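A.B. asks: Sequence:
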Amino acid sequence: MSNVLLSIKTDEKTKQDLREFAAELGVSSTAFVNMVIKQALRDRRIVLSTSLEPTPYLEEIMRGAEADYRADRDITHTKSKKETLAHLDSLMSK
1 MSNVLLSIKT
11 DEKTKQDLRE
21 FAAELGVSST
31 AFVNMVIKQA
41 LRDRRIVLST
51 SLEPTPYLEE
61 IMRGAEADYR
71 ADRDITHTKS
81 KKETLAHLDS
91 LMSK
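Positions 1 to 94 (the numbering used here) are the ones given, in order, by the sequence shown.
It is worth saying that the hints were derived from the structure and are not from the lab.
Note that the structure is predicted; figures quoted are calculated from it, not measured.
Note that CB positions come from ideal geometry on N, CA and C, so glycine has one too.
Wrong hints could be hidden among the right ones.
[To be verified] Derived CB-CB ranges, DEER-like: (1) 73 <-> 38: 36 to 42 Å; (2) 93 <-> 38: 36 to 42 Å; (3) 74 <-> 5: 35 to 41 Å; (4) 16 <-> 54: 28 to 34 Å; (5) 77 <-> 7: 54 to 60 Å; (6) 74 <-> 49: 42 to 48 Å; (7) 81 <-> 2: 35 to 41 Å; (8) 94 <-> 55: 24 to 30 Å; (9) 62 <-> 40: 20 to 26 Å; (10) 81 <-> 38: 37 to 43 Å; (11) 87 <-> 62: 20 to 26 Å; (12) 87 <-> 61: 17 to 23 Å.
Use the sequences and the hints to build the structure in full.
C.D. replies: Have a look at this one:
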């Protein structure tokens with residue numbers, strides 16, 4: 001797939017703010033704009049918010065985890081860092 005140039009006009013402060021924000025995320029402003037465009041096209045929606053909002057999929061997982069927690073089901077209780085790491089190692093070796 002070849003790249004094409006997409007030009008937009010904005011003021012200098014917005015351009016600089018975008019560069020700084022993208023840098024905080026560890027990407028270039030071009031990569032950031034491409035990510036936003038691709039997400040909007042994929043999801044067919046635009047979310048303009050600085051607050052974090054879980055997706056419906058994540059909300060479903062969170063409800064299941066909360067139900068498991070309330071029922072003390074599928075919950076591992078550890079008492080120390082060493083015990084926790086040993087438990088995680090055992091899960092990874094399965």
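A.B. asks: State for each hint whether it applies.
C.D. replies: Tested hints:
1. At roughly 38 Å, the beta-carbon separation of residue 73 and residue 38 lies within the given 36 to 42 Å, and the hint holds.
2. In this structure the supplied range 36 to 42 Å holds for residue 93 paired with residue 38, their Cβ-Cβ distance being about 37 Å.
3. Between residue 74 and residue 5 the C-beta distance comes to about 51 Å, which lies outside the given range of 35 to 41 Å.
4. A C-beta distance of roughly 31 Å is found between residue 16 and residue 54, which places it inside the suggested range of 28 to 34 Å.
5. Between residue 77 and residue 7 the Cβ separation comes to about 57 Å, which falls inside the hinted range of 54 to 60 Å.
6. In this structure, residue 74 and residue 49 break the distance hint of 42 to 48 Å, their C-beta atoms being roughly 32 Å apart.
7. Separated by about 51 Å at the C-beta atoms, residue 81 and residue 2 break the suggested range of 35 to 41 Å.
8. Between residue 94 and residue 55 the C-beta distance comes to about 28 Å, which sits within the given range of 24 to 30 Å.
9. Evaluation of the 20 to 26 Å hint for residue 62 and residue 40 yields a pass: the beta carbon distance comes to about 25 Å.
10. For the hinted restraint 37 to 43 Å between residue 81 and residue 38, the CB-CB distance of approximately 40 Å keeps it satisfied.
11. Restraint check, residue 87 to residue 62: a C-beta distance of roughly 22 Å satisfies the suggested window 20 to 26 Å.
12. Here the CB-CB span from residue 87 to residue 61 is close to 21 Å, well matched to the stated 17 to 23 Å.
The earlier numbered hints that this structure contradicts are 3, 6, 7.
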